[in-house]
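Student: Based on the hints, put chain B in the right spot on chain A.
Residues per chain are reported as follows:
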Amino acid sequence: MTMKKRKNKSIYLMLVPIYAFTIIFVLFPILYMILLSFLSKAEVWGVVKEVTLDNYKKITEPLYIKTFLDSIKLAAISTGFVVLLGYPFGYFMAKLSKKWKRRMMELIMVPFWTSGLMRLYGWIIVFRSNGTLDQILMGLHITKSPLKLLYSYEAVVVGMIYALMPFMVLSVYSSAEKMDWTLVEAARDLGATKFKAFITITLKQTMPGLLSGVILTFVPSMGMFFVADLLGGNKIVLVGSVIQEQLTKGRNLPFAAAMSVVLMLLTTMLISLYKRVTGSGEMEGLV
Amino acid sequence: MREVILDLQDIKKSFGKNEILKGLNLKVHEGEFLTFLGASGCGKTTTLRIIAGLEMPDSGQVILNGVDVTKKEPNERDVNTVFQNYALFPHMSVEDNIAYGLKLKKVAKNEIKKRVKEVLSLVQLEGYEKRRTTELSGGQKQRVAIARAVVNNPKILLLDEPLGALDAKLRHQMQLELKKLQKSLGITFLYITHDQEEAINMSDRIVVMKEGQFEQIGTPDEIYNEPKTSYVAAFVGDSNILTGTVKECAEDKVVMEFAGGTVMAQAKGKSYKEGEQVVFSIRRENIKLEDHKDMPIKAVVKEKSFAGGMLRIVFLVSDNIEIVASRQGINYNLVPGEETEISFASEHVVILNQEM
Chain A
1 MTMKKRKNKS
11 IYLMLVPIYA
21 FTIIFVLFPI
31 LYMILLSFLS
41 KAEVWGVVKE
51 VTLDNYKKIT
61 EPLYIKTFLD
71 SIKLAAISTG
81 FVVLLGYPFG
91 YFMAKLSKKW
101 KRRMMELIMV
111 PFWTSGLMRL
121 YGWIIVFRSN
131 GTLDQILMGL
141 HITKSPLKLL
151 YSYEAVVVGM
161 IYALMPFMVL
171 SVYSSAEKMD
181 WTLVEAARDL
191 GATKFKAFIT
201 ITLKQTMPGL
211 LSGVILTFVP
221 SMGMFFVADL
231 LGGNKIVLVG
241 SVIQEQLTKG
251 RNLPFAAAMS
261 VVLMLLTTML
271 ISLYKRVTGS
281 GEMEGLV
Chain B
1001 MREVILDLQD
1011 IKKSFGKNEI
1021 LKGLNLKVHE
1031 GEFLTFLGAS
1041 GCGKTTTLRI
1051 IAGLEMPDSG
1061 QVILNGVDVT
1071 KKEPNERDVN
1081 TVFQNYALFP
1091 HMSVEDNIAY
1101 GLKLKKVAKN
1111 EIKKRVKEVL
1121 SLVQLEGYEK
1131 RRTTELSGGQ
1141 KQRVAIARAV
1151 VNNPKILLLD
1161 EPLGALDAKL
1171 RHQMQLELKK
1181 LQKSLGITFL
1191 YITHDQEEAI
1201 NMSDRIVVMK
1211 EGQFEQIGTP
1221 DEIYNEPKTS
1231 YVAAFVGDSN
1241 ILTGTVKECA
1251 EDKVVMEFAG
1261 GTVMAQAKGK
1271 SYKEGEQVVF
1281 SIRRENIKLE
1291 DHKDMPIKAV
1301 VKEKSFAGGM
1311 LRIVFLVSDN
1321 IEIVASRQGI
1331 NYNLVPGEET
1341 EISFASEHVV
1351 ILNQEM
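First to last, the sequence lines map onto chains A and B.
Counting from 1, one number per residue, gives the positions in the first sequence under the numbering used here.
Counting from 1001, one number per residue, gives the positions in the second sequence under the numbering used here.
Excised from the complex, chain A in its bound form:
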């Protein structure tokens, strides 16, 4: 008994730094941000201690509501494509031999060795007028003139898909990897067609991975303003871009904070919805 207690104590001691880190660098900033969102903007820089709800009122202005809706739309479209492309990818990866699984994993991880921003500049080279893509398409005589893909909605969606796909692949993969494939054989044996067995067994069994992949894609895509900025050329304004602008050019800290709080609430709602649906607090690939 005493041994166990002592053991528990030492585990708690080891956890202290982690808790301290989380409190200082996660909890405090969030509390500070919430506090800021209820204060007023100072004339030049910073805030004055006047408690107000004006910042939240401002969000309900049509311009900002539209920004939120646009962000949700882009996130939804990107997530949709990521599901369609990433699910089969993760699923088939789980069926590969051990050797090929490792190789695929390496290929997925390689892009993470360079900065995400750098990789986005790569897409600019691909998409710009007379860029790589245009040259290939024109060289193959598929198109005659440059497509002017850069600074379009499509370019932003491609950038989003590119940036977020690995999260979906890995979380579906980790779910499918753990799956007991004899369950599918059992379903087939009991009379299910391949399609029916996939829907009733495989999809159900890999649902936690798929859903956590959706969250891992949807939540960050709401805030990935740099993708929209670089590939969309400021034509597409997202919540993330507004927050960044208000913080830098607008020097309106309280309003930026209020927007962040709303964004945070939206994503928290999503995650709790996920927990409700899957009935577990565990996130595949996250925890």
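One should not assume that every hint holds.
What the hints assert, rightly or not - Computed list of lysine-lysine pairs in DSS-like fashion (alpha-carbon distance at most 27 angstroms, straight line):
{"#": "1", "chain 1": "B", "residue 1": "Lys1155", "chain 2": "A", "residue 2": "Lys101"}
{"#": "2", "chain 1": "B", "residue 1": "Lys1155", "chain 2": "A", "residue 2": "Lys196"}
{"#": "3", "chain 1": "A", "residue 1": "Lys249", "chain 2": "A", "residue 2": "Lys101"}
{"#": "4", "chain 1": "B", "residue 1": "Lys1017", "chain 2": "A", "residue 2": "Lys99"}
{"#": "5", "chain 1": "A", "residue 1": "Lys275", "chain 2": "B", "residue 2": "Lys1105"}
{"#": "6", "chain 1": "A", "residue 1": "Lys196", "chain 2": "B", "residue 2": "Lys1210"}
{"#": "7", "chain 1": "B", "residue 1": "Lys1012", "chain 2": "B", "residue 2": "Lys1027"}
{"#": "8", "chain 1": "A", "residue 1": "Lys95", "chain 2": "B", "residue 2": "Lys1114"}
{"#": "9", "chain 1": "B", "residue 1": "Lys1012", "chain 2": "A", "residue 2": "Lys204"}
{"#": "10", "chain 1": "A", "residue 1": "Lys57", "chain 2": "A", "residue 2": "Lys275"}
{"#": "11", "chain 1": "B", "residue 1": "Lys1109", "chain 2": "A", "residue 2": "Lys178"}
{"#": "12", "chain 1": "A", "residue 1": "Lys194", "chain 2": "B", "residue 2": "Lys1247"}
{"#": "13", "chain 1": "B", "residue 1": "Lys1109", "chain 2": "A", "residue 2": "Lys204"}
{"#": "14", "chain 1": "B", "residue 1": "Lys1117", "chain 2": "A", "residue 2": "Lys196"}
{"#": "15", "chain 1": "A", "residue 1": "Lys95", "chain 2": "B", "residue 2": "Lys1072"}
{"#": "16", "chain 1": "A", "residue 1": "Lys194", "chain 2": "B", "residue 2": "Lys1210"}
{"#": "17", "chain 1": "B", "residue 1": "Lys1012", "chain 2": "A", "residue 2": "Lys196"}
{"#": "18", "chain 1": "B", "residue 1": "Lys1210", "chain 2": "B", "residue 2": "Lys1027"}
{"#": "19", "chain 1": "A", "residue 1": "Lys196", "chain 2": "B", "residue 2": "Lys1228"}
{"#": "20", "chain 1": "B", "residue 1": "Lys1071", "chain 2": "B", "residue 2": "Lys1155"}
{"#": "21", "chain 1": "A", "residue 1": "Lys204", "chain 2": "B", "residue 2": "Lys1130"}
{"#": "22", "chain 1": "A", "residue 1": "Lys204", "chain 2": "B", "residue 2": "Lys1017"}
{"#": "23", "chain 1": "A", "residue 1": "Lys196", "chain 2": "B", "residue 2": "Lys1027"}
{"#": "24", "chain 1": "A", "residue 1": "Lys95", "chain 2": "B", "residue 2": "Lys1012"}
{"#": "25", "chain 1": "A", "residue 1": "Lys196", "chain 2": "B", "residue 2": "Lys1017"}
{"#": "26", "chain 1": "B", "residue 1": "Lys1027", "chain 2": "B", "residue 2": "Lys1130"}
{"#": "27", "chain 1": "B", "residue 1": "Lys1117", "chain 2": "B", "residue 2": "Lys1027"}
{"#": "28", "chain 1": "B", "residue 1": "Lys1071", "chain 2": "B", "residue 2": "Lys1012"}
{"#": "29", "chain 1": "B", "residue 1": "Lys1228", "chain 2": "B", "residue 2": "Lys1027"}
{"#": "30", "chain 1": "A", "residue 1": "Lys194", "chain 2": "B", "residue 2": "Lys1268"}
{"#": "31", "chain 1": "A", "residue 1": "Lys204", "chain 2": "B", "residue 2": "Lys1106"}
{"#": "32", "chain 1": "A", "residue 1": "Lys95", "chain 2": "B", "residue 2": "Lys1071"}
Unchecked claim - Residues from chain A that keep clear of chain B, each with C-beta distances beyond 12 angstroms, as calculated:
{"#": "33", "residue": "Val26"}
{"#": "34", "residue": "Glu43"}
{"#": "35", "residue": "Glu61"}
{"#": "36", "residue": "Leu63"}
{"#": "37", "residue": "Asp70"}
{"#": "38", "residue": "Gly139"}
{"#": "39", "residue": "Tyr162"}
{"#": "40", "residue": "Val184"}
For the record, the hints were derived by calculation from the structure and aren't laboratory data.
Note that the Cβ used here is the ideal one computed from N, Cα and C, for glycine as well.
Tutor: Same frame as chain A, now just chain B:
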């Protein structure tokens, strides 16, 4: 003779360079309890998977109820499988697991409910409908897996070592229950095991498999008392396998000479040439230690030990040949080092087919 429900014709299967099945031929009759008995890796699971359609044979035909189903998908075959690890769907209740096949066949809802209830009482799990399969014990999972398969009323039920994961006591109980279930349902059972007791207890016929081939097909009695090869003799029960030379073969009797002396066996319709080399077997419990009617053989007691409720006595005949006998009880009046005589009754000596 009952109707042939399954006909395997020259089934061959390789995985890469490994030849797993080397041309299997077998006819299974309706309502039969047939067991594939063999060591692990002998190809018995592959055979079952080919019958279920989960594996395609490289060549040969699977004829089910008169129809060639070799190229048919598993869902198009009227067979169901009880998997070794049960393979119950973890995201479904017991009821939904059992109803899975019926729902696919679009059976009416109240009919499904009725049949699930019936089959649950058949496997003695009344009232378990709403339980999650993850909450069940090993034995209960086993029963659900059986219920899930038999509720579809298949032509053949395939069982892949279904009792392997259960403890000895439960296993014995389930053996009897399974046999009873099979009798009452009248469904053909194809059963896989590596446990000879299980095979002998339950089967109408046993197929002994070795390295992708059928060594012997026969009733438990035939397999036990008249093994055809030394593999069968050694695998089923405990036998002494000895080599000898035919000295005389007349009418029904074969007289053989072996290192320890002379033995007699029944010819069983076969004829043997004088001087022919033969392998024969005799079971441990059939070795006579006294009241010899047949020609006695000189033997020295080498050791005596007690194991598994039986006394095991090892004799040495002609210096280097060991013969093991077994007896019930622990008090047998023989001391290691003692010189004595043993004998083999001719009806217990079985001449085996020479291995190719």
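Student: All hints, please: hold or fail.
Tutor: Evaluation of the provided hints:
no.	hint	verdict
1	Lys1155/B to Lys101/A	40 angstroms, violated
2	Lys1155/B to Lys196/A	23 angstroms, holds
3	Lys249/A to Lys101/A	47 angstroms, violated
4	Lys1017/B to Lys99/A	20 angstroms, holds
5	Lys275/A to Lys1105/B	34 angstroms, violated
6	Lys196/A to Lys1210/B	37 angstroms, violated
7	Lys1012/B to Lys1027/B	16 angstroms, holds
8	Lys95/A to Lys1114/B	39 angstroms, violated
9	Lys1012/B to Lys204/A	36 angstroms, violated
10	Lys57/A to Lys275/A	31 angstroms, violated
11	Lys1109/B to Lys178/A	33 angstroms, violated
12	Lys194/A to Lys1247/B	64 angstroms, violated
13	Lys1109/B to Lys204/A	22 angstroms, holds
14	Lys1117/B to Lys196/A	25 angstroms, holds
15	Lys95/A to Lys1072/B	23 angstroms, holds
16	Lys194/A to Lys1210/B	34 angstroms, violated
17	Lys1012/B to Lys196/A	30 angstroms, violated
18	Lys1210/B to Lys1027/B	18 angstroms, holds
19	Lys196/A to Lys1228/B	47 angstroms, violated
20	Lys1071/B to Lys1155/B	18 angstroms, holds
21	Lys204/A to Lys1130/B	19 angstroms, holds
22	Lys204/A to Lys1017/B	37 angstroms, violated
23	Lys196/A to Lys1027/B	33 angstroms, violated
24	Lys95/A to Lys1012/B	26 angstroms, holds
25	Lys196/A to Lys1017/B	34 angstroms, violated
26	Lys1027/B to Lys1130/B	41 angstroms, violated
27	Lys1117/B to Lys1027/B	34 angstroms, violated
28	Lys1071/B to Lys1012/B	14 angstroms, holds
29	Lys1228/B to Lys1027/B	19 angstroms, holds
30	Lys194/A to Lys1268/B	53 angstroms, violated
31	Lys204/A to Lys1106/B	21 angstroms, holds
32	Lys95/A to Lys1071/B	24 angstroms, holds
33	Val26	34 angstroms, holds
34	Glu43	60 angstroms, holds
35	Glu61	46 angstroms, holds
36	Leu63	45 angstroms, holds
37	Asp70	37 angstroms, holds
38	Gly139	44 angstroms, holds
39	Tyr162	33 angstroms, holds
40	Val184	9 angstroms, violated
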